[in-house]
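Peer 1: Use these hints to put chains B, C and D onto chain A, whose structure you have.
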Amino acid sequence: MAQRVGLECSLAVSEAVKLANADVIAAYPITPQTHIVEHLSELVASGELDAEFVPVESEHSAMSACVGSSAAGARTFTSSSSQGLALMHEILYIASALRLPIVMVVANRALSGPISIWNDHGDIMSERDINWVQFFAENGQEVLDLTITAFKIAEDHRVTLPVIVNMDGFILTHVIEPIEMPEQNEVDAYLPPFVPAQKLDPAKPISMGMVGVPEVYTEARKACVDALEKSYPFIVEHWNDFAAQFGRHYKPIECYKTDDAEALFVTMGSLSETAMTTVDELRAAGQKVGLVHIRLWRPFPTDDFLAAIGESKPLMVLDRALSPGCNAGPVATELRALLYAKGKTHYVANFVAGLGGRDVTRADFKSMMAKTLSAAKSGAPMPYEMVGVKE
Amino acid sequence: MADEGMVSWKSLALGCAMVEPGTSKRFNTGDWRSRRRPVTDREKCIKCGLCYILCPDMAFSPDPNAEGYYNWDGYYCKGCGICVKECPKDAISWQEEKEEDKYGPACGA
Amino acid sequence: MIEVRFHGRGGQGAVTSAELMAQAAIAEGKYAQAFPSFGPERRGAPLQAFLRISDEQIRLREKIYEPDVVVVLDPSLLATGNVNAGLKPDGVLVVNSAKNVEAVRGECQFNGRTAIVDASKIAEEELGVPITNTTMLGALLKAAGHVDLKAIEKPLAARFGRIAEKNLRALKRAYEETVIEE
Amino acid sequence: MSKAAEAIKNVEKISPKNMPLVEPLSRGHRACQGCGEVLALRQVLKAVGKQVIACSATGCMEIISSPYPQTAWEVPWIHVAFENVAAVASGVEAGRKALIRKGRIQDDNTKVMAFAGDGATADIGLQALSGAMERGHDFVYVCLDNEAYMNTGIQRSSSTPYGAMTTTSPPGAKSKGQSTWKKNMPLIAAAHGIPYVATASPAFHLDLMNKARKAAAVPGPAYLHIYSPCPTGWRCGPDTAIEASRLVVQTRVFPLFEVIDGRYVLTRDITKPKPVADYLKSQRRFAHLKDEDIEFIQKRVDEEWERLLNLVKATNPEAK
Numbered sequence: 001m002a003q004r005v006g007l008e009c010s011l012a013v014s015e016a017v018k019l020a021n022a023d024v025i026a027a028y029p030i031t032p033q034t035h036i037v038e039h040l041s042e043l044v045a046s047g048e049l050d051a052e053f054v055p056v057e058s059e060h061s062a063m064s065a066c067v068g069s070s071a072a073g074a075r076t077f078t079s080s081s082s083q084g085l086a087l088m089h090e091i092l093y094i095a096s097a098l099r100l101p102i103v104m105v106v107a108n109r110a111l112s113g114p115i116s117i118w119n120d121h122g123d124i125m126s127e128r129d130i131n132w133v134q135f136f137a138e139n140g141q142e143v144l145d146l147t148i149t150a151f152k153i154a155e156d157h158r159v160t161l162p163v164i165v166n167m168d169g170f171i172l173t174h175v176i177e178p179i180e181m182p183e184q185n186e187v188d189a190y191l192p193p194f195v196p197a198q199k200l201d202p203a204k205p206i207s208m209g210m211v212g213v214p215e216v217y218t219e220a221r222k223a224c225v226d227a228l229e230k231s232y233p234f235i236v237e238h239w240n241d242f243a244a245q246f247g248r249h250y251k252p253i254e255c256y257k258t259d260d261a262e263a264l265f266v267t268m269g270s271l272s273e274t275a276m277t278t279v280d281e282l283r284a285a286g287q288k289v290g291l292v293h294i295r296l297w298r299p300f301p302t303d304d305f306l307a308a309i310g311e312s313k314p315l316m317v318l319d320r321a322l323s324p325g326c327n328a329g330p331v332a333t334e335l336r337a338l339l340y341a342k343g344k345t346h347y348v349a350n351f352v353a354g355l356g357g358r359d360v361t362r363a364d365f366k367s368m369m370a371k372t373l374s375a376a377k378s379g380a381p382m383p384y385e386m387v388g389v390k391e
Numbered sequence: 001m002a003d004e005g006m007v008s009w010k011s012l013a014l015g016c017a018m019v020e021p022g023t024s025k026r027f028n029t030g031d032w033r034s035r036r037r038p039v040t041d042r043e044k045c046i047k048c049g050l051c052y053i054l055c056p057d058m059a060f061s062p063d064p065n066a067e068g069y070y071n072w073d074g075y076y077c078k079g080c081g082i083c084v085k086e087c088p089k090d091a092i093s094w095q096e097e098k099e100e101d102k103y104g105p106a107c108g109a
Numbered sequence: 001m002i003e004v005r006f007h008g009r010g011g012q013g014a015v016t017s018a019e020l021m022a023q024a025a026i027a028e029g030k031y032a033q034a035f036p037s038f039g040p041e042r043r044g045a046p047l048q049a050f051l052r053i054s055d056e057q058i059r060l061r062e063k064i065y066e067p068d069v070v071v072v073l074d075p076s077l078l079a080t081g082n083v084n085a086g087l088k089p090d091g092v093l094v095v096n097s098a099k100n101v102e103a104v105r106g107e108c109q110f111n112g113r114t115a116i117v118d119a120s121k122i123a124e125e126e127l128g129v130p131i132t133n134t135t136m137l138g139a140l141l142k143a144a145g146h147v148d149l150k151a152i153e154k155p156l157a158a159r160f161g162r163i164a165e166k167n168l169r170a171l172k173r174a175y176e177e178t179v180i181e182e
Numbered sequence: 001m002s003k004a005a006e007a008i009k010n011v012e013k014i015s016p017k018n019m020p021l022v023e024p025l026s027r028g029h030r031a032c033q034g035c036g037e038v039l040a041l042r043q044v045l046k047a048v049g050k051q052v053i054a055c056s057a058t059g060c061m062e063i064i065s066s067p068y069p070q071t072a073w074e075v076p077w078i079h080v081a082f083e084n085v086a087a088v089a090s091g092v093e094a095g096r097k098a099l100i101r102k103g104r105i106q107d108d109n110t111k112v113m114a115f116a117g118d119g120a121t122a123d124i125g126l127q128a129l130s131g132a133m134e135r136g137h138d139f140v141y142v143c144l145d146n147e148a149y150m151n152t153g154i155q156r157s158s159s160t161p162y163g164a165m166t167t168t169s170p171p172g173a174k175s176k177g178q179s180t181w182k183k184n185m186p187l188i189a190a191a192h193g194i195p196y197v198a199t200a201s202p203a204f205h206l207d208l209m210n211k212a213r214k215a216a217a218v219p220g221p222a223y224l225h226i227y228s229p230c231p232t233g234w235r236c237g238p239d240t241a242i243e244a245s246r247l248v249v250q251t252r253v254f255p256l257f258e259v260i261d262g263r264y265v266l267t268r269d270i271t272k273p274k275p276v277a278d279y280l281k282s283q284r285r286f287a288h289l290k291d292e293d294i295e296f297i298q299k300r301v302d303e304e305w306e307r308l309l310n311l312v313k314a315t316n317p318e319a320k
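Chains as they are written, first to last, in UniProt numbering: chain A, 1 to 391; chain B, 1 to 109; chain C, 1 to 182; chain D, 1 to 320.
In isolation and in its complexed conformation, chain A is listed as follows (with noise of 0.2 angstroms):
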């Protein structure tokens, strides 16, 4: 039987990795990643988990030593944030590219500078191109679960291509909450031990991380994006399996409150909750708002996502993270391109908040809505709006 405890988010996801069963672990510690290493050290030290727990000397051998290692045919996890994401940058292409099913849990940080410990999406949204399959959390029990699923995806030999699981750092990995731990037996189950669909064995020997000739790169490119945008059906098949499993059903893309909406909020990662309650709020005013929150980052579901925003109804897209010189965050950008593709006419207006720990309150969620609304009602574009800019 599953147990439900309080138990503090980062805890759940070393957790999570205990009952995957990881064989290394590679690590570097950075706020706010620190206790899932902590815990993961600490699982390792009392023999809970029979891992190598390499504690290397930077993000940057972090991942490097779990290329080596998932290479080597070991389920390979590790964990990071911010400036230590960034410093992985280079190797977070190769993992993908020589198709490694790594998971990572990203305790999203703002980016320097000015250096900051506190939350935002600037971390993630400067990796969204490295071709992992890419997952935003909303709460402690999601994480955990969403953990579990990214090594079977991950490892999916229909994917065979690495997962970060996305978690807002402090609002989520320092917060206790309860928490439905699965029995060992349960996950054991669900996720098979790991069989590499290639590694590095002198039985057989294989050369991988060649030199990409002209010839070759172009191809090499396809096959990777390919994995990645083909990797779609197997998510919702993992997703629907875990459903069947535990009880607990993960969707691309989630809605709330939307079938009768005139407006909706666009989210993605714990924001996500703080906007269902206002949605709540607004409706109880009589206001007919609903929430679009985006779970599954990369691929992108396209059509999932179309299917939930419906038809012309304005959308008010939360970004945490800016795109400098760009006329719209990251997240509203690409949704924009996406309507357009699609000649969908619906108004989106686009905020960029919560950036480097800021707070957003329902009463920042409520004036968005307002102005959002009285925008898509004149009808003429809006700029991204910076909010709670002190002039």
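Hints may contain errors.
To be verified - Computed list of lysine-lysine pairs in DSS-like fashion (alpha-carbon distance at most 30 angstroms, straight line):
1) A:K222 <-> B:K10
2) A:K257 <-> A:K390
3) A:K18 <-> D:K111
4) C:K166 <-> A:K366
5) B:K85 <-> D:K290
6) C:K172 <-> A:K257
7) A:K390 <-> C:K88
8) B:K85 <-> D:K281
Since the hints were derived computationally from the structure, they do not count as laboratory data.
Peer 2: Chains B, C and D in isolation, oriented as in the chain A frame:
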């Protein structure tokens, strides 16, 4: 665009790996050699094996028919001349070669 | 839903207080959230911790701006002037202080419901250290009554192991000795 | 006897009579004519054989051995990036260690090896190497030192010797070429307290191959620093690699030694050294140096040799 040497993306191994070892053996580096080739005078050869162990291109290999001697392979020899220079008995010397018989015994294919 | 804000100094265990209470509530089948104020503070600096407890799922990821309860772990923080910021008029201020209610109210300009206990003295006597986090939980339980006193025992044992007994004794004594002024 | 010395004792020595015929690095690679680096790589691999997993840093040896679809590797091989080969190797080692312990793969005595140039070792990859050595992974790290960034076009590295001309240390009115002394990587490796460190040169191929075998036999990190002439980058004829790698030892510019569990051992004593000028004058990268510069370098070489002898004395107190 010419598509010589190109393969379909669908036929690439996972992660663009090369699952067959040592495929470079098919690659002809003999045509890097210009005008001349090293030739061993087996009368002078003392079977020390330096030509074998000091060749960066593995162009020398043990002669299966004459123990202690080494065969030269024009398919790989790039013509650096280390063997000529390092042979302690000056048993290896340069010999002019024509384009048509450049590759010698092509045992690499 | 009840929202609690803890004020303490780095090292005094305000975060632990919030965590233990959340765990107790969760163990009772309730929903709860405990989180620190995510600052760069180090030992000694004033800091806050937050706690939400509810019978329904909590879907909020914002700080607590209008708490129902404020818990002050260190009497010297009263004078900083912001411990009762946003505290609901019908809320309760739970204070570690050796002073009487008039003196406490005078220090922080709050005239609502006030619960006072000399937690420093209890902690010193029961634990041998002036760390008031578990002691103040006794006062909080008495003042707010949102979680059963028994529910705190298990999380306390899990956190403190051998010294859980002593902490529970301090907590229970604070529960008894807390004086509530309406 | 120390652990490393114990492990080394049982190594089967290579002599001209039992030269291994195995070629884990295949023919048909694309190294320059007369490349001393690929020769050093070949000799190392011949010595350790095929029970290895090889990891390469970006650089000449990686480029020339793996242009798709031609791999020169007969053993499992991985290349990831420039600065991280030691980290990649430590991951491979940790992964296999976990899998062996959990009974998922057999312990087949596979040695994990990392290969990198001097730039990837002494400059951009030094941190990753230091980390991997400090953590004590069971692997052999081989630095193939051709004394500059040859792959990108002969730019100076911290391993470029004083006075050498490179494309980023050109001699001129205000420059003598490289203005700093060569970074002493073997001593940096030894300072980590790892069980085995050695220097080698392909002109002394038996010494090199036996050191490679010892490095592979030692449990824990082993570091091999191999002098690897680059005739192209050093502006020399394609047949000069062996001559250079002999002279560099005979002039005491590149001493051959081992550090076994902290004990320094001179593996080739040079009692009658040739003048450093003989070495410098054989390479056009030093052609601009004047007599006084050569004298300056000679003095430094003498001092470094003394320092090494002192290290040998200091770490072998029982010897006379």
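Peer 1: Would you mind confirming whether the straight-line C-alpha gap from K85 (chain B) to K281 (chain D) stays at or under 30 angstroms?
Peer 2: 18 angstroms, holds
Peer 1: Hint check: K85 (chain B) vs K290 (chain D), CA-CA at most 30 angstroms. Holds or violated?
Peer 2: 29 angstroms, holds
Peer 1: Taken at face value, is the distance from the CA of K366 (chain A) to the CA of K166 (chain C) at most 30 angstroms?
Peer 2: Distance ~48 angstroms between K166 (chain C) and K366 (chain A) Cα, so the pair is violated.
Peer 1: Do the alpha carbons of K172 (chain C) and K257 (chain A) lie within 30 angstroms of each other, as the hint requires?
Peer 2: 46 angstroms, violated
Peer 1: Regarding the pair K257 (chain A) and K390 (chain A), is the alpha-carbon distance no greater than 30 angstroms?
Peer 2: Status violated; Cα separation ~33 angstroms.
Peer 1: Tell me if the straight-line CA distance from K18 (chain A) to K111 (chain D) falls inside 30 angstroms.
Peer 2: 28 angstroms, holds
Peer 1: Is K222 (chain A) close enough to K10 (chain B), meaning Cα to Cα at most 30 angstroms?
Peer 2: Between K222 (chain A) and K10 (chain B) the Cα gap is close to 9 angstroms, so the pair holds against 30 angstroms.
Peer 1: Under the criterion that the straight-line Cα-Cα distance not exceed 30 angstroms, is the pair K390 (chain A), K88 (chain C) satisfied?
Peer 2: 27 angstroms, holds
Going down the numbered hints, you'll see the structure goes against 2, 4, 6, while the others check out.
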